[in-house]
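Q: Sequence:
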Amino acid sequence: MAGTVERVVVIGAGMGGLSSAIRLAHAGLDVQVVDRAPGPGGKMRTMETPAGPVDAGPTVMTLRTVFEELFECTGARLSDYVTLHREEVLARHWWPDGSSLDLFSDAEASAAAVADFAGAKAEREFRGFCARARRLFEAFEGPMMLAGTPSQGALTAHVLTQPRLILDMAPHRTLAQSLGAQFSDRRLAQLFGRYATYVGGSPFRSPALLGLIWHAESQGVWRVEGGMKQLAQALERLARDKGAAFTYGTGAARIETQAGRATAVHLDDGTRLPADCVVFNGDPAALGAGLLGTDVEDTLPRDATHPRSLSAYVWSYAARPHGPELVHHNVFFCDDPHTEFDPIAGGRMPEDGTLYICAQDRGSAKMPQGLERFEIIMNGPPVADGAEATDEEKETCRTRTFETLARFGLTFDPTPTTEWLTTPRRFAKLFPASEGSLYGRSPHGLTASLKKPTARTRVVGLYLAGGGTHPGAGIPMATLSGRHAAEAILTDLASTSTSRPTVMPGGMSTA
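According to numbering that gives the first Met the number 0, the sequence shown is numbered sequentially starting from 0.
By construction, these hints were calculated from the structure, which means they are not laboratory data.
No experiment lies behind these values; they were computed from the predicted model shown.
Any given hint could be a false lead.
What the hints assert, rightly or not - Pairs of lysine to any residue residues, derived as SDA-like cross-links and limited to a Cα-Cα distance of at most 20 Å, are as follows:
#1 K365 <-> K241
#2 K241 <-> Q31
#3 K241 <-> V81
#4 K428 <-> S217
#5 K428 <-> M46
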């Protein structure tokens, strides 16, 4: 293929697909992105309300440097495409006993807040936890998150060079067990246990290693002006500026292969797009389910996509709030986390779940008047069947959600009706083969992260990107997956063409 412009079809305009499209178009490839949705974003979706579009997907942006590097490696600047505001308060937390705690982007402010909240001993424990989370994050960032194909052997060798990490990892403990040993105040153990849900897991079944997620958040949380969808639209604009083309409103029906190599993508409308490489930015489980055709249904082993991670019940609406003063990110904890995660493990809605609220129109020095936009997330189980949610299930969720908040003194005018609710079964319809799971494969088990599929597949020319692919869920990780896919493609093309560069333009910049 020397002297030709390779054609790449990217299926899906989520963060992973957009990230790979930007890098590949910048490298001079002919990139076509297709998505059955009307616009970019994937799970970063919105719902229209009388107050404007409200987020109905991811709400937390961390690791800003991942996005800055993506723009900088193409000669662009993130700030020219989207406006970000750093939140001084990372999140405000409430408990049923009436206590509350703010955590801050300033580490000393958080430590002081913990001391006021639970005493000097709790502050010492918090500082120790922060130090462990930092060591784990820094140790695993390079060989795991930034590595395109991490291996258990390489990770083990890396850990053995720093024996202290074995104690920090607590390999034989769950996150809940580890936090119970680190914090004498059960509220703090409950607070940091919720970080398992950031990647779709239960703290009672996820490895203690996931405590490192706190370090990522403690480095800063950013609010995207105009809502999270603006970030996806910024990436789309950059991709277009670099020459990528986009087709919306028609999905991919089949990936065609010849002699074991991906050669084309057939769309739902009958169009055939010839391709030298294909990037699939969808749930990898869709391949095994045959949704992209029989040519690629044996691409992945089942344990690369199963068991499934958590789903959620998500409310997205506009109303006037009454009660406690909200910030941008808010968490209302249940009294006993077992009442949340035990029913989920049994495939049922939480009996009394922790509720996360994103007050989209609020932020540092930002207090709106009148109707405001809100997103409420309650964790839920994935669903194995394709049945629609019943009216009874929706009304039960409505009752449990808003009666719980009322006990904290928080009410909304009007109280949302179930038309503003997205259930796990609805997510299963929106994202085929996902079973409603929002984070891909479950993170339960110490080696779960190594079982996620990486960018390369056994089908030559077929690559993967997205939250269901290494390095995992969350918008920074999904964006990194697109980097891994692009690097794999350029490296593989270079091995067959001396005219291709062997490395990606630019490098990785991390905090």
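Q: Hint by hint, note whether the structure agrees.
A: Quick rundown of the hints versus the structure:
Taken as a hint, the K365 and K241 pair is broken in the structure, with Cα atoms around 35 Å apart against an allowance of 20 Å. Between K241 and Q31 the CA atoms are separated by roughly 12 Å; this keeps the pair inside 20 Å, and the hint holds. Between K241 and V81, the direct Cα distance comes to roughly 17 Å. Compliance with the 20 Å bound is thereby established for this hinted pair. A distance of roughly 35 Å separates the Cα atoms of K428 and S217; the hinted pair therefore is violated under the 20 Å criterion.
Annotation: proposed proximity of K428 to M46 holds, straight-line Cα distance about 16 Å (limit 20 Å).
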